[in-house]
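Participant: All chains, full assembly: derive it from the sequences and hints.
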Amino acid sequence: MTTIDQENKKPPRSELAVAASLDSEIMATKEDVQDPRIPKIASSIRVIPDFPKPGIMFQDITTLLLDTEAFKDTIDIFVERYKGKGISVVAGVEARGFIFGPPIALAIGAKFVPMRKPKKLPGKVISEEYSLEYGTDKIEMHVGAVEPGERAIIIDDLIATGGTLAAAIRLLERVGVTIAECACVIELPVLKGREKLGETPLFILVTSDAA
Amino acid sequence: MSGNKEEEDPRINGIKTKIRVVPDFPKKGIMFQDITTVLLDPKAFKDTIDLFVERYRDKNISVVAGIEARGFLFGPPIALAIGAKFVPLRKPKKLPGETIFEEYELEYGNDRLEMHVGAVEAGDRALVVDDLIATGGTLCAAINLLERVGAEVVECACVIELPELQGRQRLKGKPLCMLVEYR
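These protein sequences, in sequence, are chains A and B.
Per our numbering, residue 1 is the first one in the first sequence, and the count goes up by one each step.
Per our numbering, residue 1 is the first one in the second sequence, and the count goes up by one each step.
Since the hints were made in silico from the structure, they are not lab data.
One or more of the hints may lead you astray.
Ranges between beta-carbon positions, derived for each pair [said to hold, decoys possible]:
{"#": "1", "chain 1": "B", "residue 1": "109", "chain 2": "A", "residue 2": "144", "range": "32 to 42 Å"}
{"#": "2", "chain 1": "B", "residue 1": "107", "chain 2": "A", "residue 2": "117", "range": "38 to 48 Å"}
{"#": "3", "chain 1": "B", "residue 1": "26", "chain 2": "A", "residue 2": "137", "range": "14 to 24 Å"}
Cut-off 27 Å, straight-line C-alpha distance, at most; resulting in silico cross-link-like pairs (BS3-like, lysine-lysine) [unchecked claim]:
{"#": "4", "chain 1": "B", "residue 1": "59", "chain 2": "B", "residue 2": "172"}
{"#": "5", "chain 1": "A", "residue 1": "117", "chain 2": "B", "residue 2": "46"}
{"#": "6", "chain 1": "A", "residue 1": "117", "chain 2": "B", "residue 2": "94"}
Computed from a prediction, not measured in an experiment: that's the story for all the values here.
Just so you know, even glycine gets a beta-carbon here, dropped at the ideal spot from N, CA and C.
Facilitator: Encoded structure:
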């Protein structure tokens, strides 16, 4: 299995940097030789032209959810990557992050924290603004959902410009949480979303040049 | 099994204690049932899913339909565990492909629930999942959508029921399974 191969190439760990080495262990597996489950996952994603507006090739994961093997494989790949790595928080961005985040959280024994559009969460919230093409939007998280010192992954179906994920990172970091990685099913690399994530690594299953 | 609360199961009380009630949200007089605190407790969340999975795994369910957005939190884990496809039922204009819609009433005005054409096939056996049943309007719209494409709705599954709102009567005769009542 590719993850076992990658473990042999890990750099030696300093005893003083256990947390950092867990992060680099995750990073060492980022450049996997392609997992044989990936092509089926990629082919189960439907591309819809001109949605939500002309010129955009929308990556529709609902067809992946209809393929029981592809959906299971998607979750399994993330779970294999994050299980046993001290991740206590899976944060998922509304609404498609709610589909992938909870199964991962359940399998790795972490809590699931929904990050939502304004006015959806009923309790006391903290919010973070981010830029859209025109104007701004906000994402919110419940106060007290996470605690300082926790290690989190952030899940969404897709990273495009990276605005939402960057806001999610800022929100969690403001309350003292370390983000081990952002994880998405799909990346649109031409939109350079990765650059908005700063130091936070990004793990992707499928890249699409359609943007 | 009857479509009723799993009264004897010892896991139920643990789940119930994790639900947070937020007064006056979204408006005065409403005691909002917040399930996000259940999701923060890995054991309570796992128990919630396990209870539904144990009930449905041998019922040949081929589709789990989840109602946006909190139905997305519970539906997919159930679908994955029982080997069913997951179909999101969404507010208007969110689904990118060709859709069918069903209108339902709100306190003031109407709203719509949409489903992708082709997601569900005639003969599919379906479960509808949401976090909570109140008046039953949304669940009724979901049942209508699934039946219109020839699926058989086997049951509706919710974590919480507000029985005083009598949503159970609006499910077109379909059974309801819920874990926790709030009166």
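Participant: Sort out which numbered hints this structure fails and list those numbers smallest first.
Facilitator: Checked against the structure, the only hint that fails is number 2, while the rest are satisfied.
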